[in-house]
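Peer 1: Please build the complete structure, drawing on both the sequences and the hints.
Here's the letter readout for the chains.
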Amino acid sequence: MKLFEFEAKTIMGSIGIPVPKGQIIKVAEEVFNLKLQYPVVIKCQVQSGGRGKAGGVKFADNLDETYEIAKKLLGLEINGIKTSSLLIEPKTDIEKELYVAITLDRGRKSHILLGSSEGGVEIESSDSVKIIPVQTEYKPYLGRKLAKSMGLSESKLNMVSEIINKLYSLYENYDLDLAEINPLVFTKDGKILALDGKMTVNDDAIDRQPFFQGWEINHLTDVSERELKAKIAGLNLVELKGKIGIICNGAGLTMATMDLVKKYGGEPANFLDVGGGADEGRVKRALKLVADNPNVKIILVNILGGITACDEVAKALKTFAVENVDKKVVVRLLGNNQEKAAEIMKGTGIKSIDNLDMAVKEAVALGGKV
Amino acid sequence: MKLFEFEAKTIMGSIGIPVPKGQIIKVAEEVFNLKLQYPVVIKCQVQSGGRGKAGGVKFADNLDETYEIAKKLLGLEINGIKTSSLLIEPKTDIEKELYVAITLDRGRKSHILLGSSEGGVEIESSDSVKIIPVQTEYKPYLGRKLAKSMGLSESKLNMVSEIINKLYSLYENYDLDLAEINPLVFTKDGKILALDGKMTVNDDAIDRQPFFQGWEINHLTDVSERELKAKIAGLNLVELKGKIGIICNGAGLTMATMDLVKKYGGEPANFLDVGGGADEGRVKRALKLVADNPNVKIILVNILGGITACDEVAKALKTFAVENVDKKVVVRLLGNNQEKAAEIMKGTGIKSIDNLDMAVKEAVALGGKV
Amino acid sequence: MSVLINKETKILVQGITGNMGKTHTGLMLKYGTKIVAGVTPGKGGQEVHGVKVYDTVQEAKEKTGATVSCIFVPGFYALDAAYEAFDAGMELVVIITEGIPPHDEVKIIRRANELKTNVIGPNCPGIITPGECLIGIHPGIIYKPGKVGMISRSGTLTYEVALTLSNAGIGQSTCIGIGGDPVIGLGFKECLRLFNDDPKTEAIVLMGEIGGTAEEEAAELIKKEIKKPVIAYIAGRTAPPGKRMGHAGAIISGGKGTADSKVKAFKDANVEVADIPSQVVALVQDAIKQPIKV
Amino acid sequence: MSVLINKETKILVQGITGNMGKTHTGLMLKYGTKIVAGVTPGKGGQEVHGVKVYDTVQEAKEKTGATVSCIFVPGFYALDAAYEAFDAGMELVVIITEGIPPHDEVKIIRRANELKTNVIGPNCPGIITPGECLIGIHPGIIYKPGKVGMISRSGTLTYEVALTLSNAGIGQSTCIGIGGDPVIGLGFKECLRLFNDDPKTEAIVLMGEIGGTAEEEAAELIKKEIKKPVIAYIAGRTAPPGKRMGHAGAIISGGKGTADSKVKAFKDANVEVADIPSQVVALVQDAIKQPIKV
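Chain order of the listed sequences is G, D, R and Y.
Quick note: the first sequence uses the working numbering, first residue 1, plus one each step.
Quick note: the second sequence uses the working numbering, first residue 1001, plus one each step.
Quick note: the third sequence uses the working numbering, first residue 2001, plus one each step.
Quick note: the fourth sequence uses the working numbering, first residue 3001, plus one each step.
No lab work stands behind these hints: they were computed from the structure.
Glycine is no exception: its CB is placed at the ideal position from the N, C-alpha and C atoms.
Partial pick of chain G residues on the chain Y-facing surface, computed with a CB cut under 10 Å: (1) Gln-135; (2) Pro-140; (3) Lys-145; (4) Ser-149; (5) Lys-156; (6) Leu-157; (7) Met-159.
Peer 2: Here it is as structure tokens:
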């Protein structure tokens, strides 16, 4: 779960990382209650990158300007996501921009600290980024090592390493996938300030983080309505542009099925993994979510499993076929109780094709061709 | 710092370890405000062991009995310590008593869990006590291993291991030297209850434990007034029964000097280590504390150090000699600036004897003999 | 011979009284796996499918001589269960559990490395030596004893390829589902080395997917060390960037972890890459005909 | 030759800009110790007694080749400093700091053991090879080069005995103050082995005190392994039970850790025990005359 900038900053501020004092508005007229000094910066609160490029960050010297900008920015679409709130903060006189972050390094199988003495956009992929792995328990010297590697010295070294200590405690205590300050700035009057912050709470850990209970749905802004529904139902749905809806069990097999659709001339409309051991209800919900996508012309169901009971899947397919006579379905169904399943599907017109390549070709032929 | 039973239980209760609901009284008449069901148990709140044997735990069936007992117990001296408060709790119907504790094992260089399915006094040295070392980070399976080794099974195993998890979190988060529940009981109605608890906060860690700030002085009940003063002044003073007051630098040398006093026919009146690099003020305070002990007939000062400035010690000695003409002092003073020191002490009548054995013999001869 | 496990391997199941644990203990027993004990705290003395349950791994090991643990406990309890298995001296710990927080996974794998304990998973189907021993949730019926070693980040995709191989008469020596999470125990590299050293294995099928750089590193290793033919398949050529495709590890982020990059790495290492799963069969058939590199 | 350190040893001082660090860096330099660097975060570039200060141990090591760190930072910062020294690959870390919380000490020693790094201390006077290298706070002037190895839990008591030895013309090979805390790095046993293997050392003086069972264990080891004569002294025969005698480790608790028990253990191991510190001299003189056990 990605937090919004203002949330990340509130949390950072709560443990003593200096952040600008800002206000959040959701309606342009709220600017008349601003208690900030001008000039201010007005920032769209969206979880998408490239906000600056998309015109989502503006400066204003007085109330009138602020109001005009607020009216324009509220509702602004950034990478397909509508802005519903703005963060307004006093403009900072920046002496120097830095970048610091903490995340998991898959290759090293350890958490890593990242830092650069150049802040700003797309710094993550810059050569100036230094990496310090956290091989065992985090200790403050690691923050100092990072600050040192960033070329800092004297009081700046201590100020930055202190920020890293605090950021790490958030990273660890809140089960974050990412904690990032970019830019972290030294102001012209010698202070340090987190000007922008990102925090991503790990999806598998969020249920043990009471602080974030109930936050998830509000934070799924970059997904379609159906993806949101799937998420709530515990299904993995990612929508794409094609016409062939896909329902599989297992992430790898689902991806492989998508790839096959493409290979045989079609375009997948989605990724949907029903997981292992799905029952009738679960498959029904999956069928409905995929069928609800107006782009979908045909649904390809590919279930292969030792434990998934094929008869449960067949029952869901039968009900679906009865209720949605206009929807074409191609099925490949192998595994536990597959004979029972064949029995159930008799007379529904749904036929199961055992060979995966054949099944995909059939789906493409039946209307899925690009 | 040893906590009182009622404090340990309050802290345990705060994280969900079940403890009896009790009330603390400091004046016998407070029993008229008791909101507990009879029969009750009335327990002297002293940090000393052997409370039961000394008659510090009594049962009462009604208010009158409770009042009579409270009057008797308040002020009761247990191993030389006066009882100033009583903990009154409903009496528990015990089915089974257990013992669990967590402490540091010096030999293993690790924390250990201890447990026995026999609770009660002097269990610590019983053969029935099982030990589980915590070799790395604590994890709940260690608590289960202990509970298993104590012979528990089924729901009792889970109940006890859950208590150990919680006790460990206190042990770790509060920098405890010891966390102990003895007895931990199963009640006749199937509940688990911490009937008595001990917690010792580590003296070197207490300054990073904000929860216990300011608690220390109230908890030094088993020390003399002068030992308390020494503690506040940052000096290590332990008083004994003899006549020869001892001031040294370094714990080992102080103990060796005490041993020498005994060897040559005297009795040490105290252990006092002024530490490394003591200055005039510190030595003055040490001299005063030792001299204030009415048993002390002679003071033996033994300072040997590379860094302790002998002239600082000499200045303190000179002042002391002038202000306390009646107190005899024998000095052995070697190290940094020892010539300057000799100069300072000229004419004060204080002579420094370089050889330690000679100095001790002199002190014993000058009035320290048993 | 086979890799890591064989028909003598004694296994205990942590979380045996849960739904997953119970179901798969039954299936594993049916397959002939030597499940000698189960562990569920507080349920010691019970039985599941005739397998005795113990309160602790330590006791289960002492009483039965189990050397491998298969973990089915829920995600938030897996760290504790894994530490318990390590502490009791298990030689191999197979973690089936899905949804373990990555902060816990880092600790699990670090501790396993400290103690030099082998871990398979988390979030994996387990390991199977066809005809001898099945640990985890592989559908045993799909597999046949033979000479192809399989390593895969994905469960059902492994079944898919194993099925086509078995149908074509090509059996498997051992199949290892290494798991779909970002942080896992044995990876492609470690498993490649195991199969390279296993006299029974003649060819290796490696099934990767988008996300991370494990496939690229495997390709490097194959170039340098692996003497046996390797056939690769990569899932997720059509996956969009920035979206997690089911597995926590299956995500293209910051332009890294694309299928193209992985396919290219394998081709650079002269590893045959199947375009589609069913093509694996033909490539394996070709490979087995070739003499082994020396 | 000597134990652990010699005149070539390059040392860095963590906490060099603090009072203790500054004073003792000066004294160590005066003794001839090769202090090549200091470390204080944020003070990189400064100098202390002509020694350059760095921000991190890593940098100090890279620039100077230091292999030993001497730690003077305050108690609550010692855990961090020690981890930093370990991580930077120091071979020996001498922790002078007093008052480190035991929960931190457990972590320090555990991590050192994992990485096989030698630690002396905490709460110790350090180590000295007379005439070559002094690391810590020993008063160098008291010591003379020679053939007696010394191991002690106490600082000033070591000075006392070293002084009587030096005055009697008996020099020391190396003297190690192992520290007075309950949890320490190198203990009596490890140091006994080092001296046993050191050709320069002909006799070993071991100074113990009340608390713990390290002396009893040392006696066991001496019986089994140590070929050279050992002379012991135990402080605290008059210490009352249950009271901490200065050192955190010097406490008789639950009837354990008494001087009597330790003296008895040594006598059972045929180790001569001095009744008073000054008696050590005569016992050493006698011992050196004896042929070494084979």
